[in-house]
Amino acid sequence: MKFKRSSILVVFSLFLVLCMFGTLTHVKADDSVSSGIRNGVDINKSWTVKFNKEIDKSTISESNFIVKDESGQTVPVSLTVGSDNKSVIVSPKVQYQYGKNYSLAINNIKSSSGKKLTQAEEMKFSTKSVNNTNSAYTVCIDAAHGGNDAGHVSASGVKEKDIDLAVALKLGKVLENNGVKVVYTRTSDNVSWNSDNDLKSRFTIANNAKADYFISIRCNTYPENPSTKGIETYYRDSDNVAKQLAQAVQGELVSNTGFNNRGIKVGLPQHEILRGTNGSAVMVELGFMSNAEEGSALATSDFQNKSANDIANGILKSLSLVSKNVTVKSISDVTASVNQGGTYDLPLNMTASMSDGSSKKVPVIWNSKKADTSNAGAHTYEGTVAGYSKAVKLILTVVAPTPVPIPTPTPAPVPTPDSGTTICIDPGHGRGSDTGASGINGLQEDDVTLSVGLRLGKILENHGIKVVYTRTQDERSIPMDVTTSLQKRCDVSNNANAKYFVCIHCNSFDSSSAYGTETLVNQDNPEATRLAQAIQNSIVNEIGTYDRGLKDGNWLYVVKHTNASAVLTELGFLTNPSDAAKLSSDEYRQKFAQAIADGILQCVGK
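Going left to right, the sequence shown walks through residues 1 to 606 as this note's numbering numbers them.
Quick caveat, the hints were computed from the structure, so don't treat them as lab data. One or more of the hints may lead you astray.
Said to hold, decoys possible - Pairs of lysine-lysine, DSS-like flavour, derived with a Cα cap of 25 angstroms:
{"no.": "1", "residue 1": "Lys173", "residue 2": "Lys68"}
{"no.": "2", "residue 1": "Lys200", "residue 2": "Lys329"}
{"no.": "3", "residue 1": "Lys115", "residue 2": "Lys57"}
{"no.": "4", "residue 1": "Lys317", "residue 2": "Lys265"}
Said to hold, decoys possible - Derived CB-CB ranges, DEER-like:
{"no.": "5", "residue 1": "Glu224", "residue 2": "Ser71", "range": "48 to 54 angstroms"}
{"no.": "6", "residue 1": "Ser135", "residue 2": "Asp42", "range": "15 to 21 angstroms"}
{"no.": "7", "residue 1": "Gly99", "residue 2": "Asn256", "range": "22 to 28 angstroms"}
{"no.": "8", "residue 1": "Asp42", "residue 2": "Ala292", "range": "34 to 40 angstroms"}
{"no.": "9", "residue 1": "Ile37", "residue 2": "Ser135", "range": "25 to 31 angstroms"}
{"no.": "10", "residue 1": "Lys57", "residue 2": "Asp552", "range": "52 to 58 angstroms"}
{"no.": "11", "residue 1": "Ser113", "residue 2": "Asp42", "range": "48 to 54 angstroms"}
{"no.": "12", "residue 1": "Ala391", "residue 2": "Gln487", "range": "52 to 58 angstroms"}
{"no.": "13", "residue 1": "Asp149", "residue 2": "Ile395", "range": "33 to 39 angstroms"}
{"no.": "14", "residue 1": "Glu382", "residue 2": "Thr343", "range": "16 to 22 angstroms"}
{"no.": "15", "residue 1": "Ser332", "residue 2": "Asp552", "range": "53 to 59 angstroms"}
Model, not experiment: these values are computed from the prediction. All residues carry an ideal CB built from backbone N, CA and C; glycine is no exception.
Work out the full structure: start from the sequences and follow the hints.
This is the structure we're talking about:
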């Protein structure tokens, strides 16, 4: 459009161009500038406002760039000045709503030379109509905790329940703006149920609404190690749709919040919140309230808006994964047996016959937390599966020990080198909130140590050596401080009268250049030193890691408090690309286990 004595162009299209700092004492735009309206605008639209002169950054604020909806309410926006100092990007902090009218007003802007915009400019636009295909889907959003249950509390007194609710409500609004039906387990700090019925009540809300997805919003904490931070997302075991949903949500959150990526993880036995809904379930842990940086960020509206949008984007990208109208047809009873006094873990899933003729693993919640194996006989456990009206059953037969006849005394056999040898394997961390170090792509130390430790034990048992473990599963849900955890590990070894205590760990460092294997040992103990050197040599020779040698381990708690000869092996650095690639590989975890086993077998004479 043209002006007298000077040409100034104002264009509203993919970006908005305002040439407003002319040499005239008065600038006036054509009537068509304000009368036009831009239709069919995307709900995430960012407008780029371009000027014909460099601008005074001190005049760029939300009071000078104002977006309002059709009811006159101000829409929060973020402003970014371009590298040329002649443009400003105006982006909504929360998505616009579908099918609504908005206006963008600009005023009181100055050029770097002090010239003012002589007349306010305004652009009107309307967003595109709602995506009707999304209306076929329902999402249940679960703001964890609530009422008397505050959840975790940060050092500054911020309660997890308030963060969970704030993000949940913002998330629901974004999904509704995108046409998705939304139900909430709670929309305020009040809950209508008591703690005994907490999970069941949340499941009922989701299942009555026939929710396709169940999204539980939570925050993490690890007060014993305040440096621990990052986002992680848990998904329901044996549910591939939930796994893909978790990956989509995790990817969006990590990309846009800048928080560490702790990865996606299979729900643990204690995560019953993932096992009671018909729809696929994920649990998002937004960050660590015990970390000073993240604890502060979690309480801000900026982070809450970002995370709500990110979770919503992950959900929207995953709606097409939902299989409609496929229900559980039948589930057969399960039988199992265990020796009296032994350990039996109730299964987290059962195989169901589906209405479309397929078979599928479905999550089950049992009427007991654990199986009682103290009494011989057949014991029946009942459980519930979401969307299946009948109780599922497991018949567990506890087998009494067979009486052993008293043998005729025989001369004592000549002892073999490993006669009576017991090895205690200690997969480091993984108990209470102690997850150990974090590495590249969210690689967690406690996951690696457990995987290698269990493989190591199997190899040794195949060689006729008795093995005891300090843990055989992820025990993060067990409330326990680090010192208590370490002592319990020592107790396992001491009670078993173990010959060797082999502790498996991984290293990390601020710089990714650190790499290699090292083994810590009390070098005043000749037997422990012999074991440490054998294990160190085996790993370096068989796997090819850099040899960092033996290190002083006199200060280690497990060295001081175990009767066995104790060593602690740092397999490699989670923060080094080469080491991390090996530690995340099942093939190399087996090789690490074999190498450690070879070192042990060498010392016991096998």
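Hints, verified against the model:
A distance of roughly 18 angstroms separates the Cα atoms of lysine 173 and lysine 68; the hinted pair therefore holds under the 25 angstroms criterion. Of the pairs offered as hints, the one joining lysine 200 and lysine 329 holds, with about 22 angstroms between alpha carbons and a cut-off of 25 angstroms not exceeded. Between lysine 115 and lysine 57, the direct Cα distance comes to roughly 13 angstroms. Compliance with the 25 angstroms bound is thereby established for this hinted pair. With a CA separation close to 20 angstroms, the supplied pair lysine 317 and lysine 265 stays within the 25 angstroms bound.
Between glutamate 224 and serine 71 the beta carbon distance is about 49 angstroms. The supplied range of 48 to 54 angstroms therefore holds. A hinted range of 15 to 21 angstroms for the beta carbons of serine 135 and aspartate 42 is consistent with their spacing of about 19 angstroms. A hinted range of 22 to 28 angstroms for the beta carbons of glycine 99 and asparagine 256 is consistent with their spacing of about 26 angstroms. Checked against the given bound of 34 to 40 angstroms, the beta carbons of aspartate 42 and alanine 292, roughly 37 angstroms apart, stay inside it.
Checked against the hint of 25 to 31 angstroms, the C-beta distance between isoleucine 37 and serine 135 comes to roughly 26 angstroms, which is consistent with it. Taken as a hint, the range 52 to 58 angstroms holds for the pair lysine 57 and aspartate 552, whose Cβ atoms sit roughly 56 angstroms apart. At roughly 36 angstroms, the beta-carbon separation of serine 113 and aspartate 42 lies outside the given 48 to 54 angstroms, and the hint is violated. Between alanine 391 and glutamine 487 the C-beta distance comes to about 41 angstroms, which lies outside the given range of 52 to 58 angstroms.
Between aspartate 149 and isoleucine 395 the C-beta distance comes to about 36 angstroms, which sits within the given range of 33 to 39 angstroms. Separated by about 21 angstroms at the C-beta atoms, glutamate 382 and threonine 343 satisfy the suggested range of 16 to 22 angstroms. As the Cβ distance of serine 332 to aspartate 552 is approximately 58 angstroms, the hint placing it in 53 to 59 angstroms holds.
Checked against the numbered hints given earlier, this structure breaks hints 11 and 12; the rest are met.
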